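**Student:** Heads up: the protein sequence lines correspond to chains W and H, in order. Start counting the first sequence at 1; every next residue gets the next number (the numbering used here). Start counting the second sequence at 1; every next residue gets the next number (the numbering used here).
The reader is advised that the hints may include incorrect statements.
Some residues of chain H that are not near chain W, with every Cβ distance over 12 Å (derived) [to be verified]: (1) Q67; (2) V72; (3) S83; (4) K90; (5) K99; (6) A185; (7) R214.
Here are the simulated lysine-lysine pairs, DSSO-like style, with alpha carbons at most 27 Å apart [said to hold, decoys possible]: (8) K153(W) to K99(H); (9) K43(H) to K99(H); (10) K61(H) to K153(W); (11) K143(H) to K96(H); (12) K143(H) to K153(W); (13) K625(W) to K497(W); (14) K272(W) to K428(W); (15) K625(W) to K578(W); (16) K474(W) to K578(W); (17) K42(W) to K272(W); (18) K43(H) to K61(H); (19) K413(W) to K272(W); (20) K625(W) to K474(W); (21) K109(H) to K153(W); (22) K43(H) to K153(W).
Read the hints as simulated data drawn from the structure, not as lab findings. All of these numbers come straight from a predicted model, not from anything done at the bench. Glycine is no exception: its CB is placed at the ideal position from the N, C-alpha and C atoms.
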Amino acid sequence: MKTTLRAIFLGLLLASPAAGQSPSSPELRQRIIRVPQLDAVKLLTTEASSDANIVETLTRWLADGRAQVVSDVTTAVNLQRAVIVSDGRRIWLPSEKDQDFDRLFLVPTNSDEELIGMNLTVELPTQGDVLSPTPTEARWFLSHTELDPLLVKWPASWLEGKDGIHGWMEWYDTFRQTLGTELMLRPGTEAVVGVFPAVTHAWPTTENAPPAYLDLAVAGLEIESPAGFAPPKPKARAESQGIMEDLNDRLIFTGILISSYQALQTLASRPKVPDEKIFATLLQDLQEGRGGLRFCLGSACRPGQRIRQESGRDHEYPTEMPSIPSAWDQRLVGTSVDIDPAQQGVLGLVLEHHIAPPRRQEWRLGVNEPELQMWEPAFRRLKLNSYPIVPVGACRLIGAMKVPSVMAGAGLKGDETLLVFAHHQGPKPQPDSLSDAPADPFAPNSNGAGSEPVPDSLELELQVFEVPVDEAAKWQTAPQGQWAEPDTKRFEAMMKKVKMETARLVAQGMLLTRSEQSCLISLEEERMTATEFDPATDAAPHRTRPTALDQIHTGTLFEVESLVAPKGNGVADRVELKYEVRHSTALPEEPTLEMILKSAGKDGEGPYDEAVRFESSWQGQTKLKPGEPMCLGAKPVAGEKGPKKVLVAFITARVVENAQ
Amino acid sequence: MPLRRLLLLLCLSIAGGPTVAAPPKEQTVTLTLVAVPEAVWTKQMGTQRLPAVTLLRVLKKIVSDQQLSPAVEVRAVLKGTDSHTETAGKTVTFAKGWKSPESGATHLKPEQEESRLVGTELNIRAMEEPEPNSPQSFEVVLKHVFAEPKTHPVNYGAAAVTDEERLKLSGHYPIFDQLDWSGIATLTGSTPTLLVNTLRQGDRGKGDGAPATRCLIFLQIDAASTK
Numbered sequence: 001m002k003t004t005l006r007a008i009f010l011g012l013l014l015a016s017p018a019a020g021q022s023p024s025s026p027e028l029r030q031r032i033i034r035v036p037q038l039d040a041v042k043l044l045t046t047e048a049s050s051d052a053n054i055v056e057t058l059t060r061w062l063a064d065g066r067a068q069v070v071s072d073v074t075t076a077v078n079l080q081r082a083v084i085v086s087d088g089r090r091i092w093l094p095s096e097k098d099q100d101f102d103r104l105f106l107v108p109t110n111s112d113e114e115l116i117g118m119n120l121t122v123e124l125p126t127q128g129d130v131l132s133p134t135p136t137e138a139r140w141f142l143s144h145t146e147l148d149p150l151l152v153k154w155p156a157s158w159l160e161g162k163d164g165i166h167g168w169m170e171w172y173d174t175f176r177q178t179l180g181t182e183l184m185l186r187p188g189t190e191a192v193v194g195v196f197p198a199v200t201h202a203w204p205t206t207e208n209a210p211p212a213y214l215d216l217a218v219a220g221l222e223i224e225s226p227a228g229f230a231p232p233k234p235k236a237r238a239e240s241q242g243i244m245e246d247l248n249d250r251l252i253f254t255g256i257l258i259s260s261y262q263a264l265q266t267l268a269s270r271p272k273v274p275d276e277k278i279f280a281t282l283l284q285d286l287q288e289g290r291g292g293l294r295f296c297l298g299s300a301c302r303p304g305q306r307i308r309q310e311s312g313r314d315h316e317y318p319t320e321m322p323s324i325p326s327a328w329d330q331r332l333v334g335t336s337v338d339i340d341p342a343q344q345g346v347l348g349l350v351l352e353h354h355i356a357p358p359r360r361q362e363w364r365l366g367v368n369e370p371e372l373q374m375w376e377p378a379f380r381r382l383k384l385n386s387y388p389i390v391p392v393g394a395c396r397l398i399g400a401m402k403v404p405s406v407m408a409g410a411g412l413k414g415d416e417t418l419l420v421f422a423h424h425q426g427p428k429p430q431p432d433s434l435s436d437a438p439a440d441p442f443a444p445n446s447n448g449a450g451s452e453p454v455p456d457s458l459e460l461e462l463q464v465f466e467v468p469v470d471e472a473a474k475w476q477t478a479p480q481g482q483w484a485e486p487d488t489k490r491f492e493a494m495m496k497k498v499k500m501e502t503a504r505l506v507a508q509g510m511l512l513t514r515s516e517q518s519c520l521i522s523l524e525e526e527r528m529t530a531t532e533f534d535p536a537t538d539a540a541p542h543r544t545r546p547t548a549l550d551q552i553h554t555g556t557l558f559e560v561e562s563l564v565a566p567k568g569n570g571v572a573d574r575v576e577l578k579y580e581v582r583h584s585t586a587l588p589e590e591p592t593l594e595m596i597l598k599s600a601g602k603d604g605e606g607p608y609d610e611a612v613r614f615e616s617s618w619q620g621q622t623k624l625k626p627g628e629p630m631c632l633g634a635k636p637v638a639g640e641k642g643p644k645k646v647l648v649a650f651i652t653a654r655v656v657e658n659a660q
Numbered sequence: 001m002p003l004r005r006l007l008l009l010l011c012l013s014i015a016g017g018p019t020v021a022a023p024p025k026e027q028t029v030t031l032t033l034v035a036v037p038e039a040v041w042t043k044q045m046g047t048q049r050l051p052a053v054t055l056l057r058v059l060k061k062i063v064s065d066q067q068l069s070p071a072v073e074v075r076a077v078l079k080g081t082d083s084h085t086e087t088a089g090k091t092v093t094f095a096k097g098w099k100s101p102e103s104g105a106t107h108l109k110p111e112q113e114e115s116r117l118v119g120t121e122l123n124i125r126a127m128e129e130p131e132p133n134s135p136q137s138f139e140v141v142l143k144h145v146f147a148e149p150k151t152h153p154v155n156y157g158a159a160a161v162t163d164e165e166r167l168k169l170s171g172h173y174p175i176f177d178q179l180d181w182s183g184i185a186t187l188t189g190s191t192p193t194l195l196v197n198t199l200r201q202g203d204r205g206k207g208d209g210a211p212a213t214r215c216l217i218f219l220q221i222d223a224a225s226t227k
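Only chain W is shown next, with the shape it has when bound in the complex (with noise of 0.2 Å):
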């Protein structure tokens, strides 16, 4: 008898429904707001800049028409897959074109889908079935374009026959801001997930463009509970278990341009003055109309988390037979970052930012025949690849670089300085319950507290120097791998023959890195140049076309590889570096096209004339002692006919201590 009651027992209790039922679908939602940027730039680096401040702030901005949402979706989510919601206009636009060059025929022959709208796609990957209100972890892609696709008109030119037959070929560019990250939302809270520029008219980066906004992406997921259940409200667990509110941490990237006379009193002025100060400094300047924000962009991270976020143009131009094009390549002309963030506040960073629109250059493809051209653009763009560490809740200058005076105009002053800061808010480490315990390698926001302590920065600086080409002995330096005595009394020389204007300042640089990696910025005009043409024919022998394409770059590069690092404790001996240092004083002389007519020869294999280049170049491997400028020597200017100065370039290497 017992055997059967047990048995019935067993049956019954398989048979029962499953247990643990799930509440209702949690929602997500996320808002973009538009904001002026520098109203935005102060409430992300102030130190009240908790995703709580924010949102309230935006709050109230939205009620008195400060801001302005741009987009806003809710969206059911779900632990076991990824939702997308993609919503907004699907324009067709060719993606191949025939070439029928009789009549100049460009016929469409496919053609791709392109989304004007917004595009999301979340996953919560957090095990189980139930979604707790806890924090979540999100994996997070938003891509958002709320710009048309922009009509561009290229010359098209078939050069055969008597009259050659010249129109205009139609190709679009298009605009997004896309970032994908990871990050934790606590459920009824709201996060910044990031900050973008806006991208509301045709070149991003005109300096002289309608007042510029901020776009910020704010994410929320709220749970309905069960009936006659009530989860704790997150502030007071928070404050029980001492926690900081925020769960994420943030890193702001800001460009700033001002006079090169200005950069050189601020960089002359650190490390007594932190970086902190002269960013307060520098906003104060923006508010009252001095200097120019050129970008901020940022998102929400957690560390060991790829993050990779882009705001601006997909310019598309034509690199195969760019007479008539027949294919294309795309840029973004904007701004880009992709980071590796790591335990203790170093970054792996690659920062991209076109600070003009591209230069128009123009090839003329045949004698007295100005319809016949060609084009392709010069992109002007600021490269920052570098692995600066950037603690929580620190701003640090991570670069700095003047723009050359070859890369102005066109929408581009000469004789200005782009600095680039880095802020980087977060909660602060939590605190263990034993003060000799290991930190928990698994915790998101530990940032390695009580493990090994924060590495040390190393900053480089450069500075370029123009005198008269007398004076060439007295700036050389000793040969290339031997012991070279600190420069200290030479630099300051040269800095007075700038204050007398018997020299002048023409390349100024700054990096901050990570010792024992590579690191460059550079701020240069990419620029295209001939290589290859199309000999001339008997029935038309004023005109050819060029068939290849190479790329020179314009402008200034200061690229390191550290190769010893410093000593822990911020005292280090020596700085050993590889260095390749190069500055142009003039765009290149590309040959006429009376020059390749004349050099193609009669079977029209060349060879050509090649571009000229105006350009010192210093490369090297040298030890340096931190603090102390070195002299890399007096170089001409390759390409001057009868040089008359020479350049002459100093480097830096200072070890920056950072706080535990």
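Use these hints to put chain H onto chain W, whose structure you have.
**Tutor:** Below, chain H alone, put in the same frame as chain W:
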């Protein structure tokens, strides 16, 4: 048969012992899409967050009171855990690419064509057999195209000089106004679940006058189909 053996068989059958497979249960799910002007949404809703069942009721009342375009409803009858696709609307075909006109001709002939449904396509699958009063998960892939596509001209006659000539030597590509959603929706009983709520900006910045709208999509199991 001895009583002991009979009781054991009864327990095994309740616990899922060897049985004859039951036919898959049928259930009907309804997708409802409602759109209201954003100005009306902001005025009526403010910042409050309502349960989906109340929200749907309020929206239907707004649509009725203000004589707006009626909600779009699509019903799908699901059998067990089989996938089902329900469509409502009209298919349009357009050229993705053309051939170059023959010598002497200018008119384009399509070479590649593509079709798109103007309306709603709902692909849905129950992930488990329905059980009374238990939440149920559904895989959902939804595509909704709001209206007939507009078009934009793409010139192929590069040598044409005037705008009129260039327009004459153009093909036309479509522009679809579309909302897609994919993921997993959890439904309980016949209570509606909100899938998505989105602000649609209309022809923002173009000055064409198309106002912003708020579009919401709900999914629910029909009560009658669960009995």
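**Student:** Against this structure, judge whether each hint is valid.
**Tutor:** Now the hints, each set against the structure:
1. Non-interface call for Q67(H) relative to chain W: holds, since the shortest CB-CB distance, roughly 25 Å, exceeds 12 Å.
2. Here V72(H) stays apart from chain W, with its beta-carbon at least about 15 Å from theirs, past the 12 Å limit.
3. Look at S83(H): its CB is around 15 Å from the nearest CB on chain W, clear of 12 Å, so calling it non-interface holds up.
4. With 12 Å as the threshold on Cβ separation, the claim that K90(H) sits away from chain W holds: the shortest Cβ distance comes to roughly 17 Å.
5. A cut-off of 12 Å between C-beta atoms contradicts the statement that K99(H) is not in contact with chain W; the least separation is 7 Å.
6. The Cβ of A185(H) does not lie farther than 12 Å from every Cβ of chain W; its closest approach is about 6 Å, which violates its non-interface assignment.
7. The claim that R214(H) lies off the interface is violated: its Cβ sits roughly 8 Å from the closest Cβ of chain W, which falls inside the 12 Å cut-off.
8. Pair hint K153(W) plus K99(H) holds up; C-alpha atoms about 22 Å apart against a cutoff of 27 Å.
9. The straight-line distance between the Cα atoms of K43(H) and K99(H) is roughly 52 Å, outside the 27 Å bound, and the hint therefore fails.
10. Taken as a hint, the K61(H) and K153(W) pair is broken in the structure, with Cα atoms around 50 Å apart against an allowance of 27 Å.
11. In summary, the hint linking K143(H) to K96(H) is supported, as the alpha carbons are separated by about 20 Å, within the 27 Å threshold.
12. Our distance criterion of 27 Å between C-alpha atoms is broken by K143(H) and K153(W), whose separation comes to about 34 Å.
13. Taking the CA atoms of K625(W) and K497(W), the gap is near 24 Å; set against the 27 Å cutoff, the hint holds.
14. Pair hint K272(W) plus K428(W) holds up; C-alpha atoms about 26 Å apart against a cutoff of 27 Å.
15. For the hint pairing K625(W) with K578(W), the CA-to-CA distance comes to about 14 Å; that is within 27 Å, so the pair holds.
16. Note on K474(W) and K578(W): the hinted pairing holds, with a Cα-Cα distance of about 24 Å set against a maximum of 27 Å.
17. Of the pairs offered as hints, the one joining K42(W) and K272(W) holds, with about 23 Å between alpha carbons and a cut-off of 27 Å not exceeded.
18. A threshold of 27 Å between alpha carbons decides the hint, and for K43(H) with K61(H) the separation of about 14 Å falls inside it, so the pair holds.
19. Restraint check for K413(W) and K272(W): the C-alpha separation of about 30 Å exceeds 27 Å, so the hint is violated.
20. For the hint pairing K625(W) with K474(W), the CA-to-CA distance comes to about 21 Å; that is within 27 Å, so the pair holds.
21. Our distance criterion of 27 Å between C-alpha atoms is met by K109(H) and K153(W), whose separation comes to about 24 Å.
22. Among the hinted pairs, K43(H) with K153(W) is inconsistent with the structure: their alpha-carbon atoms are about 45 Å apart, more than 27 Å.
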